[in-house]
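There are 2 protein chains.
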Amino acid sequence: MDITIGFSDDYTQLLSPELEKRLETIYNDMKSKTAFGSDYLGWLNWPSSISQELLEEIKTTANHIRSTSDVLIVIGIGGSYLGSKAVIEALSIPFEKNDSLEVIFAGHSVNGSYLKKLLKYIDGKEVTVNVISKSGTTTEPAIAFRFLRQYMENRYGSSAASRIIVTTDQEKGALRSLAIEQGYKRFVVPNDIGGRYSVFTAVGLLPIAAAGFNIIELIAGAKKAEEQFGHFDMHNNPAIQYAVLRKRLHDNGYIIEIMASFEERLKYLQEWWKQLFGESEGKNKKGIFPSSVQYSTDLHSLGQYIQDGQRNLFETFLMVKNIDEDLTILESNNNGDELNYLSGLSLHAFNKVCHEATANAHLDGGVPHITITIDQIDEMHIGHLLYFYMMACAYSAYLLEINPFDQPGVEAYKTNIFKMLKKPVY
Amino acid sequence: MDITIGFSDDYTQLLSPELEKRLETIYNDMKSKTAFGSDYLGWLNWPSSISQELLEEIKTTANHIRSTSDVLIVIGIGGSYLGSKAVIEALSIPFEKNDSLEVIFAGHSVNGSYLKKLLKYIDGKEVTVNVISKSGTTTEPAIAFRFLRQYMENRYGSSAASRIIVTTDQEKGALRSLAIEQGYKRFVVPNDIGGRYSVFTAVGLLPIAAAGFNIIELIAGAKKAEEQFGHFDMHNNPAIQYAVLRKRLHDNGYIIEIMASFEERLKYLQEWWKQLFGESEGKNKKGIFPSSVQYSTDLHSLGQYIQDGQRNLFETFLMVKNIDEDLTILESNNNGDELNYLSGLSLHAFNKVCHEATANAHLDGGVPHITITIDQIDEMHIGHLLYFYMMACAYSAYLLEINPFDQPGVEAYKTNIFKMLKKPVY
Chain A
183 MDITIGFSDD YTQLLSPELE KRLETIYNDM KSKTAFGSDY LGWLNWPSSI SQELLEEIKT
243 TANHIRSTSD VLIVIGIGGS YLGSKAVIEA LSIPFEKNDS LEVIFAGHSV NGSYLKKLLK
303 YIDGKEVTVN VISKSGTTTE PAIAFRFLRQ YMENRYGSSA ASRIIVTTDQ EKGALRSLAI
363 EQGYKRFVVP NDIGGRYSVF TAVGLLPIAA AGFNIIELIA GAKKAEEQFG HFDMHNNPAI
423 QYAVLRKRLH DNGYIIEIMA SFEERLKYLQ EWWKQLFGES EGKNKKGIFP SSVQYSTDLH
483 SLGQYIQDGQ RNLFETFLMV KNIDEDLTIL ESNNNGDELN YLSGLSLHAF NKVCHEATAN
543 AHLDGGVPHI TITIDQIDEM HIGHLLYFYM MACAYSAYLL EINPFDQPGV EAYKTNIFKM
603 LKKPVY
Chain B
183 MDITIGFSDD YTQLLSPELE KRLETIYNDM KSKTAFGSDY LGWLNWPSSI SQELLEEIKT
243 TANHIRSTSD VLIVIGIGGS YLGSKAVIEA LSIPFEKNDS LEVIFAGHSV NGSYLKKLLK
303 YIDGKEVTVN VISKSGTTTE PAIAFRFLRQ YMENRYGSSA ASRIIVTTDQ EKGALRSLAI
363 EQGYKRFVVP NDIGGRYSVF TAVGLLPIAA AGFNIIELIA GAKKAEEQFG HFDMHNNPAI
423 QYAVLRKRLH DNGYIIEIMA SFEERLKYLQ EWWKQLFGES EGKNKKGIFP SSVQYSTDLH
483 SLGQYIQDGQ RNLFETFLMV KNIDEDLTIL ESNNNGDELN YLSGLSLHAF NKVCHEATAN
543 AHLDGGVPHI TITIDQIDEM HIGHLLYFYM MACAYSAYLL EINPFDQPGV EAYKTNIFKM
603 LKKPVY
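Quick mapping for you: the protein sequence lines, in order, are chains A and B. If you use our numbering, the first sequence corresponds to residues 183 to 608, in order. If you use our numbering, the second sequence corresponds to residues 183 to 608, in order.
Keep in mind that a hint or two might mislead.
The list cannot tell twin chains apart, which means a pair is met if one copy fits it or any two copies do.
Said to hold, decoys possible - Derived pair list, reagent style DSBU-like, types lysine-lysine, alpha-carbon separation capped at 35 Å:
| hint | residue 1 | residue 2 |
| --- | --- | --- |
| 1 | Lys-354 | Lys-429 |
| 2 | Lys-429 | Lys-503 |
| 3 | Lys-203 | Lys-468 |
| 4 | Lys-302 | Lys-503 |
| 5 | Lys-299 | Lys-279 |
| 6 | Lys-449 | Lys-302 |
Keep in mind the hints are simulated off the structure, nothing from the lab. For clarity, every value in this text was computed on a predicted model and none was experimentally measured.
Work the whole structure out from these sequences, hints included.
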């Protein structure tokens with residue numbers, strides 16, 4: 183299992199003994215937990231240290247949900263939402279409910295129409311709710327949970343509690359207290375792992391397992407990544423290379439990164455990536471603005487801007503080497519659509535050509551590009567890729583001298599809301 | 183029916199006699215069709231000049247599709263896709279197939295797995311195909327159509343032709359020739375309306391009508407907008423005001439615009455907007471980079487970057503005054519979630535508070551904001567809004583001295599593909 187990285191320019195020319203030293207320092211500071219934000223470095227060795235017991239408990243719970251429910255409603259926002267959403271979407275097959283259990287997300291936005299229709303939709307279906315909030319006090323999921331809890335209690339009476347699972351802090355928070363009082367099953371968000379790094383904890387694993395995917399393989403991929411990318415060799419570590427490339431591009435005025443994929447099912451993985459990098463780096467007036475496009479469709483939308491707009495952006499392609507299912511363009515007798523020149527070409531091969539054609543066209547227009555390639559899309563490779571991004575992100579932020587693990591700016595809007603709505607403590 | 187616009191700073195201070203003169207010139211040049219790209223100004227008076235006959239023909243065709251089909255597959259990319267997708271998503275109700283006919287899009291990307299599963303999904307369902315391509319030669323939709331045409335011919339034999347509808351150029355292109363040869367029903371993309379301005383032509387109207395929405399109301403809204411925004415008064419025309427604000431922000435170094443909405447169903451309207459502005463303005467190394475977020479969810483993702491990352495972005499909220507369906511937060515006896523301070527508040531009211539709280543927090547962090555408010559989401563108001571954006575976009579591009587109606591950069595990747603795949607003409 184491998185991740186390869188390509189760059190439109192000569193990577194080696196970016197290297198220097200000073201950079202090597204800086205990377206070594208970052209590595210050592212992370213290892214010795216003396217870097218900024220070290221209290222949140224729990225993700226670093228999580229794949230290799232997650233207990234078999236916890237994995238079994240998650241699997242057992244997921245199987246129980248699958249055998250007793252038609253729908254699992256996952257309530258969460260930000261890091262309590264995007265990780266499992268990204269993995270489930272990446273692994274799901276289009277037009278197929280590939281499973282008897284449907285996973286529906288709520289609480290990531292506040293929307294009366296959505297919630298109302300959701301409540302109507304689940305009527306007559308057996309339901310389990312998994313509410314995920316590290317602090318247990320984030321308003322948006324708490325609002326959704328107030329409605330869902332009421333619904334569950336009205337519908338299931340005293341057995342509602344057995345259909346509600348809480349994933350929250352080990353020691354504190356309103357959600358934890360409520361869970362204890364009501365006797366809900368609880369999973370823990372580790373203290374030392376922040377929301378956007380939490381996909382390999384119960385936060386991500388329970389919904390992913392309930393959706394029918396293999397979390398053992400997902401963790402195995404992450405563990406492999408932990409081994410492969412857990413060193414600071416700037417010549418041979420793609421996570422480090424990605425971080426170095428981003429830093430150099432940033433320093434040269436490329437302040438927007440566009441992550442491009444030809445696989446629509448990686449759309450939420452792109453959203454997860456935007457949170458990971460945007461929230462980790464976007465501090466102290468620094469950071470690269472993360473944006474995403476889906477190709478080919480966005481070649482006919484943002485493509486014009488990328489080709490010829492302001493020259494302050496670079497493009498990072500996420501490519502997949504092998505695809506399970508494909509179609510091949512066949513010869514047509516009358517060639518009325520003038521496509522016979524493509525006969526014999528598979529659609530995946532077309533996309534590979536399109537990648538090269540696009541990268542070169544945009545480069546000619548002044549847009550440098552990086553290409554990250556994974557072998558295939560399955561649990562193992564997705565676990566591997568997500569950990570790769572986490573590692574790259576930590577180095578990226580540290581190279582900018584930013585703490586990758588806090589998010590002070592997210593509090594600002596919350597504080598304003600609490601004041602405006604006169605929350606008792608404020 | 184009204185659109186209001188707000189700005190975090192004093193709008194009037196941006197005004198000057200020179201600006202007024204410039205706007206008047208743009209207006210006159212558009213009116214007299216002497217501006218850059220005047221060959222593509224057909225959208226300007228389209229809502230007031232679309233023939234009753236064409237509207238009737240589209241409605242009749244849509245009704246025929248609805249009475250003979252379970253699924254309409256719409257094949258298109260870019261402007262042949264995003265307009266109808268945006269309107270259909272905006273008007274659809276979550277968790278409800280609000281209609282007996284399902285509209286599925288294809289050809290906006292090249293994906294073997296998607297197409298294969300789509301072909302499997304439609305087996306046993308009655309199908310109509312609407313293939314939309316102005317040039318008739320864009321590769322991605324042409325590939326999808328080759329597969330679907332084969333499927334339709336295998337399945338329906340000689341009556342396949344009666345289930346295929348082509349929307350293309352009046353006079354030229356492979357798709358037009360094929361349609362004539364095969365006897366497909368044809369609709370025309372007017373010569374003087376480009377893809378991203380084409381939602382009010384058959385390109386957008388047929389799929390929207392087939393999905394069960396009222397295109398007469400949609401056009402009525404657009405017509406109202408044509409009247410309201412068809413003058414150059416910089417004091418009283420929100421379309422002009424939006425263009426002026428964008429220009430001034432751009433000139434002051436705000437080079438990323440983030441369109442924020444609290445309504446998830448406006449997500450594809452945001453995508454349509456990104457194409458409209460990105461493809462119209464992103465030329466000659468100029469233009470504002472268009473990006474979008476959905477709130478609240480992205481407050482826990484890109485929110486940190488917006489609050490505290492590089493200070494080169496501004497935020498444009500798209501707000502909706504009244505919502506059809508809503509829920510109100512009720513008092514809870516035990517208040518275990520500590521949310522009783524929100525009792526009596528509707529979710530839509532929460533979002534309005536969240537809008538104000540967020541806009542102020544981001545402004546404190548150095549992010550200017552614009553707020554565009556529409557009254558409600560229905561056919562009439564969406565038609566009104568889409569035309570508003572088209573008008574604002576034309577002025578925006580002209581203020582940057584850019585032709586809003588061409589897309590020379592989109593050809594670059596195509597040319598590379600054709601060379602690499604040895605297309606006969608290349």
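Hints, one by one, checked against the model:
For the identical chains of this complex, Lys-354 and Lys-429 are neighbours neither inside a copy (38 Å) nor across copies (49 Å), given an alpha-carbon limit of 35 Å. Taking the shortest Cα distances, Lys-429 and Lys-503 sit within 35 Å of each other inside one copy (27 Å), while across copies they are farther apart (43 Å). Within a single copy, Lys-203 and Lys-468 get their C-alpha atoms as close as 22 Å, which meets the 35 Å cut-off; across copies the closest is 39 Å, which misses it. For the homomeric pair Lys-302 and Lys-503, the shortest alpha-carbon distance between copies (25 Å) is at most 35 Å, but the shortest distance inside one copy (42 Å) is not.
For a Cα distance limit of 35 Å, the shortest separation of Lys-299 from Lys-279 qualifies both inside one copy, at 20 Å, and across copies, at 11 Å. Both within a single protomer and between protomers do Lys-449 and Lys-302 lie at most 35 Å apart by alpha-carbon distance, with minima of 28 Å and 23 Å respectively.
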